[in-house]
Amino acid sequence: MSKTYVHAPGFVAGDRPKIVTSRFEFADSYTLERYLATDGYKGLRAALARPANEVHDDVKSATVLGRGGAGFPAGVKWGLTPQQVWPRYLVVNGDESEPGTYKDRLLMERDPHQLIEGCLIACYAAGLSQCFLYIRGEMAVAQERVAAALNEAYVAGYIGKNILGSKFSVDIILHWGAGAYVVGEETALIESLEGNRGMPRLKPPFFPAANGLYGQPTIVNNVETLANLPWLLNHGVAAYTAIGTKTSPGTRMVAVSGHVERPGVYEIINGTTTFRDLIYGPEFCGGIRNGNALKAFVPGGGSAPWFTPDQLDLPFEASQVGPAGSMLGSGAVMVMDETTDIPAAALTLTHFYAHESCGKCTPCREGGTWLERILRRVVDGDGTDADLQQLLEVGAMICPGAFPHAANEELGLKAVPFPYKMTTICFVGPSAFAPVHSALTLFRSEFEARVKKRVNIPVTAVGASA
Amino acid sequence: MSRLNETNTKSAREIIARYPRPKSALIPLLHLSQEQNGYITREAMQHLGELVGVTSAEVYGTATFYEMFKFEPVGKYLINICRTMSCALMGANELMHHAEKKLGVNAGGTTSDGMFTLAHAECQAACTEAPTLQVNYRYRLRVTPTDLDNLIDNLRDNKLKDEFPPHGVLAKVQQVIPADRAVGAKDPEDVNESPAWLDGKAAL
Ligand SMILES: Cc1cc2nc3c(=O)[nH]c(=O)nc-3n(C[C@H](O)[C@H](O)[C@H](O)COP(=O)(O)O)c2cc1C
Ligand code: SF4
Ligand code: FES
Numbered sequence: 001m002s003k004t005y006v007h008a009p010g011f012v013a014g015d016r017p018k019i020v021t022s023r024f025e026f027a028d029s030y031t032l033e034r035y036l037a038t039d040g041y042k043g044l045r046a047a048l049a050r051p052a053n054e055v056h057d058d059v060k061s062a063t064v065l066g067r068g069g070a071g072f073p074a075g076v077k078w079g080l081t082p083q084q085v086w087p088r089y090l091v092v093n094g095d096e097s098e099p100g101t102y103k104d105r106l107l108m109e110r111d112p113h114q115l116i117e118g119c120l121i122a123c124y125a126a127g128l129s130q131c132f133l134y135i136r137g138e139m140a141v142a143q144e145r146v147a148a149a150l151n152e153a154y155v156a157g158y159i160g161k162n163i164l165g166s167k168f169s170v171d172i173i174l175h176w177g178a179g180a181y182v183v184g185e186e187t188a189l190i191e192s193l194e195g196n197r198g199m200p201r202l203k204p205p206f207f208p209a210a211n212g213l214y215g216q217p218t219i220v221n222n223v224e225t226l227a228n229l230p231w232l233l234n235h236g237v238a239a240y241t242a243i244g245t246k247t248s249p250g251t252r253m254v255a256v257s258g259h260v261e262r263p264g265v266y267e268i269i270n271g272t273t274t275f276r277d278l279i280y281g282p283e284f285c286g287g288i289r290n291g292n293a294l295k296a297f298v299p300g301g302g303s304a305p306w307f308t309p310d311q312l313d314l315p316f317e318a319s320q321v322g323p324a325g326s327m328l329g330s331g332a333v334m335v336m337d338e339t340t341d342i343p344a345a346a347l348t349l350t351h352f353y354a355h356e357s358c359g360k361c362t363p364c365r366e367g368g369t370w371l372e373r374i375l376r377r378v379v380d381g382d383g384t385d386a387d388l389q390q391l392l393e394v395g396a397m398i399c400p401g402a403f404p405h406a407a408n409e410e411l412g413l414k415a416v417p418f419p420y421k422m423t424t425i426c427f428v429g430p431s432a433f434a435p436v437h438s439a440l441t442l443f444r445s446e447f448e449a450r451v452k453k454r455v456n457i458p459v460t461a462v463g464a465s466a
Numbered sequence: 467m468s469r470l471n472e473t474n475t476k477s478a479r480e481i482i483a484r485y486p487r488p489k490s491a492l493i494p495l496l497h498l499s500q501e502q503n504g505y506i507t508r509e510a511m512q513h514l515g516e517l518v519g520v521t522s523a524e525v526y527g528t529a530t531f532y533e534m535f536k537f538e539p540v541g542k543y544l545i546n547i548c549r550t551m552s553c554a555l556m557g558a559n560e561l562m563h564h565a566e567k568k569l570g571v572n573a574g575g576t577t578s579d580g581m582f583t584l585a586h587a588e589c590q591a592a593c594t595e596a597p598t599l600q601v602n603y604r605y606r607l608r609v610t611p612t613d614l615d616n617l618i619d620n621l622r623d624n625k626l627k628d629e630f631p632p633h634g635v636l637a638k639v640q641q642v643i644p645a646d647r648a649v650g651a652k653d654p655e656d657v658n659e660s661p662a663w664l665d666g667k668a669a670l
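As you go down the protein sequences, you meet chains A and B in turn. Take the first sequence: its position 74, counting from 1, is numbered 74 in the working numbering, and each next residue is one higher. Numbering-wise, the working numbering comes out as the position in the second sequence, counting from 1, plus 466.
Simulated from the structure, these hints should not be mistaken for laboratory data. Don't take every hint at face value.
[Said to hold, decoys possible] Straight-line distance between alpha carbons at most 30 Å, and here's what the computed DSS-like set of lysine-lysine pairs gives:
id	chain 1	residue 1	chain 2	residue 2
1	B	LYS667	A	LYS60
2	B	LYS627	A	LYS360
3	B	LYS627	B	LYS476
4	B	LYS627	A	LYS167
5	B	LYS667	A	LYS42
6	A	LYS18	A	LYS246
7	A	LYS203	A	LYS360
[Claimed, not checked] Sample of chain A residues lacking proximity to chain B, with all beta carbon distances greater than 10 Å (derived):
id	residue
8	LYS18
9	ALA70
10	VAL76
11	PRO82
12	PRO87
13	GLU98
14	LYS161
15	THR241
16	SER257
17	GLY264
18	GLU338
19	THR348
20	ASP382
21	PRO400
22	MET422
[Unchecked claim] To spell it out: a stretch of chain B is covered by chain A in this simulated footprint if at least three of its residues, at any positions, have a beta carbon under 8 Å from a beta carbon of chain A; those stretches are:
id	stretch
23	476-487
24	651-658
Here a beta-carbon is modelled for each residue, glycine too, at the ideal position from N, C-alpha and C.
Turn these sequences into a full structure, and let the hints steer you where they fit.
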C-alpha cells in the first residue's frame, strides 16, 4: 500500500518557533482533550476577560497578515465594516484549492480546535454574530475532524449561547462546498454560501466587509489567519511581533512541492526566511533532488509569476517580492529542476485556470481557453512561431500593459513589479496567463525549439508522395 | 422515489434551520441527496427546491456549477488522479496511463462492472506528497504504479470498505448542535442591534 505520511518532514526538524503547528507532533492533536492539555482555549479566556475593542486593537497592532493570498492585515479588515450595521458575519475560507497550496487542510485535520478558537476570538473582537466555516467539498477527513471538534466544543460550552458563562454567544456552522476552485475567491464564497453558483461579484460595490453575505457586513478570513489568533491572545502582541519582521511578523506555513529532496509543509519565520533557506536549507527541503540544478520556481501558488535562481535570496516579505515581479500568495512554492519541460509545466497551470473559469467575464472564459489550446498545440509540436506571438496577444487582452516578471541577468531582463492591470472581475483570468508569460519570457528558447518552422517548405512536397 | 427519504428529510430540515436564509443550505442538501441516491436526480432537485423554497431550475443551476455533483450514476469508487503542476512534475501523467491500462477505461470512464470511475482531478491540496489521488475524496499519497495496482485489487476485493465508503458518502461525522446550546439563526432583517458583548464591559 502507498505510504501515508503521518506528517510532512518539515514538522520534525529544527527548533523554530511554532505558532500554528505546535500540536502536529501529537497523534491525537485533533481532540479536545489534547487541545486543553496544551493551552487550548486559553486565548479565548484571555480575550473574554477584556473588552472586545481591546482584543481587536491587539490583532491590529500585531499586524496579523491574511494568509489566504492577498496578505491584507486582519485587524484592519475587521475595522472596515460600516458603523452600526447589524448583524455581521464571519465566513471562514477553508476552500484551499490554489495549485501548490497545502496548509489549511492540515490545520483543519490536525488542529481543528485551534481554528475554532480563532473563529471565536474574531467573532468576539469584531462583533460578528454568526460564523460559517466553509470547507472545500473534496476534503472529507477535514470535514469529519472539524465536525467532531465542533460537537465536542458545543457540549463543553465553548460555542453557542453564553460561552464560558459570558455575554458572548455565537454559533459556528460547518458548511462545505462541492468542488469549484473559484469559490475560494471571497465574493464567490459568499455567493456559494447563499446557495448559488459560485461566481465572483464585482468590487465595488460588493466589498464583503461592507456588503457581503445577505448584503450584510461580512468578514472573510483564511483558515491559517484565524489559527494564529489563539497563540496571539495567549502570548500577547509583543511575543508575536518579536518573531519575524515589523511588516511581516510571526510565522507562516509554506508548502514546498516538486523537485526537492524533502518536499513538505514548513512553518517558517516570516519576513526573514529566504527562498534559498527553504529550498536548500538542511532543516527544510535539503536541496534539489539528485543534486540537480534548479531551473525555476513558483513562489506563491499557481497564480504567481515565476522566479529563477536569480531570486533565491529574496525573503518571504511582500514588500520585496512584489517589486521583484511576483507575489507570496498562499504560501506555495513549486520547484522545477533542470529536467523540467517548461512549456508542458506551464500548460498544467494554464489548463487549470481555463478549466476553473466561472465564465462570467469574456477575457477569462474565452482567453483562458485560447491560451490553453494554443499552448497545447505548441507542447504537442504542432505550433508555429505565430502561436508564440498569439499567446502574448491573448494575454494582453486579459492583462493590458506590462505583465509582472522577474529580473534575469543572463537574459538582461529587468523586473516588472507586481501587480498587473486586468480586464476581468477576479484573478482567475490573469492567473491563466501568468505561467504562459513567465515561461515564454524566461525560457523562450524552449518554445522556439518546439514550434514548426514553416519556412522553406518545398512546393513540390505537397502531395508528392501520394 | 429519489426524493429525500424520511430520515434525510428530517436532517435536511435541521440543516436548513441553521442558516439565516434557507437557500444557503442547498449545497449540503445536494450532498445529502447524492449520498442517498449515488447521484443527483430530477426528482431530488424538485424536492430540494420545495424544501428551501426555490424552483427546481434554480436548484439545477446551482448543482451544475459544482464538479462533485453527478447527474448520472458513477462507479462505487470514484478515483480522482490529480494532474495539476506539482503532481505532473512527479509523474501524474504516467500514473494516469497506468490506471487506464489497469482498469481498461479511459479517464472519465466507468468500468463495466460499475465498480470504478476513473477521472482527472485538479490540485487536491496535498501537493508536497505528489503524485496524489483520492478514492471517494479520501487520499492516497506518493502513489506508485504498484501502489495503484494494490489499491484497485483491494478495493475490488472489498478489503478497504471501512476506509473508503461508497461514492456519495461524504463526511462520516456530521455536526450536531445541542438544542440547549444553540443561539439559532435569525433572518438579517430581524436583527438591528449590536451584539450584547460589545457594550464595552468585560464579558468574563
Ligand atoms: C480565484 C481566487 C481563489 C482564491 N482561493 C482562496 C482559497 O482557496 N482560500 C483562501 O483562504 N483564500 C482564497 N482566495 C483569497 C480570498 O479571496 C480572500 O482574499 C481570503 O480568503 C481572505 O482571507 P485573509 O485575509 O485571511 O487572507 C482566493 C482568491 C481568488 C481571487
Ligand atoms: S475572471 Fe474568470 S473566474 Fe473570475 S469572475 Fe471572470 S470569468 Fe469568472
Ligand atoms: S498539484 Fe496535485 S495535489 Fe496539488
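Do the hints match the structure? See the list:
1. Taking the CA atoms of LYS667(B) and LYS60(A), the gap is about 20 Å. The hint holds against a cut of 30 Å.
2. Restraint check for LYS627(B) and LYS360(A): not satisfied, since their Cα atoms lie roughly 41 Å apart, outside the 30 Å limit.
3. Simply put, LYS627(B) and LYS476(B) have alpha-carbon atoms about 27 Å apart, close enough for the 30 Å limit, and the pair holds.
4. Distance check on the hinted pair: LYS627(B) and LYS167(A) sit about 46 Å apart at the alpha-carbon level, beyond 30 Å; violated.
5. Among the hinted pairs, LYS667(B) with LYS42(A) is consistent with the structure: their alpha-carbon atoms are about 20 Å apart, no more than 30 Å.
6. Note on LYS18(A) and LYS246(A): the hinted pairing holds, with a Cα-Cα distance of about 18 Å set against a maximum of 30 Å.
7. About 14 Å separates the Cα atoms of LYS203(A) and LYS360(A), which keeps this hinted pair within 30 Å; it holds.
8. With 10 Å as the threshold on Cβ separation, the claim that LYS18(A) sits away from chain B holds: the shortest Cβ distance comes to roughly 18 Å.
9. With a minimum CB-CB distance of about 19 Å to chain B, ALA70(A) clears the 10 Å threshold, and the non-interface call stands.
10. Every CB of chain B is more than 10 Å from the CB of VAL76(A) (nearest about 19 Å), matching its label as outside the interface.
11. At roughly 12 Å, the least C-beta separation between PRO82(A) and chain B is larger than 10 Å, which holds for a residue marked as non-interface.
12. A beta-carbon of chain B is positioned within 10 Å of the beta-carbon of PRO87(A); the least distance is around 4 Å.
13. With a cut of 10 Å on Cβ distances, GLU98(A) falls inside the contact zone with chain B, its closest approach being about 7 Å.
14. Not every C-beta of chain B lies more than 10 Å from that of LYS161(A), the closest at about 6 Å, which undercuts listing it as non-interface.
15. Distance check on THR241(A): its Cβ is at least 24 Å (rounded) from any Cβ of chain B, clearing the 10 Å threshold; non-interface status holds.
16. SER257(A), annotated as away from the interface, has a beta carbon of chain B within 10 Å; the closest lies near 4 Å.
17. For GLY264(A), the non-interface assignment is contradicted: its Cβ lies about 5 Å from the closest Cβ of chain B, within the 10 Å cut-off.
18. Remark: the non-interface label on GLU338(A) is consistent with the geometry, its nearest Cβ contact in chain B lying 13 Å away (cut-off 10 Å).
19. The claim that THR348(A) is not at the interface with chain B is violated, since a C-beta of that chain comes within 10 Å of its own (minimum 4 Å).
20. Every beta carbon of chain B lies more than 10 Å from that of ASP382(A), the smallest distance being close to 18 Å; the non-interface claim holds.
21. Residue placement check: PRO400(A) keeps its beta carbon more than 10 Å from all beta carbons of chain B (closest about 26 Å).
22. The non-interface label for MET422(A) is consistent with chain B: the shortest C-beta to C-beta separation is roughly 22 Å, beyond 10 Å.
23. A stretch counts as covered by a chain when three or more of its residues have a beta carbon under 8 Å from one of that chain; for the stretch 476-487 of chain B and chain A the count is 4, and the coverage holds.
24. Residue count for the stretch 651-658 of chain B with a Cβ under 8 Å from a Cβ of chain A: 5. That meets the three needed, and the coverage hint holds.
Hints 2, 4, 12, 13, 14, 16, 17, 19 from the earlier list are contradicted by this structure; the remaining hints agree with it.
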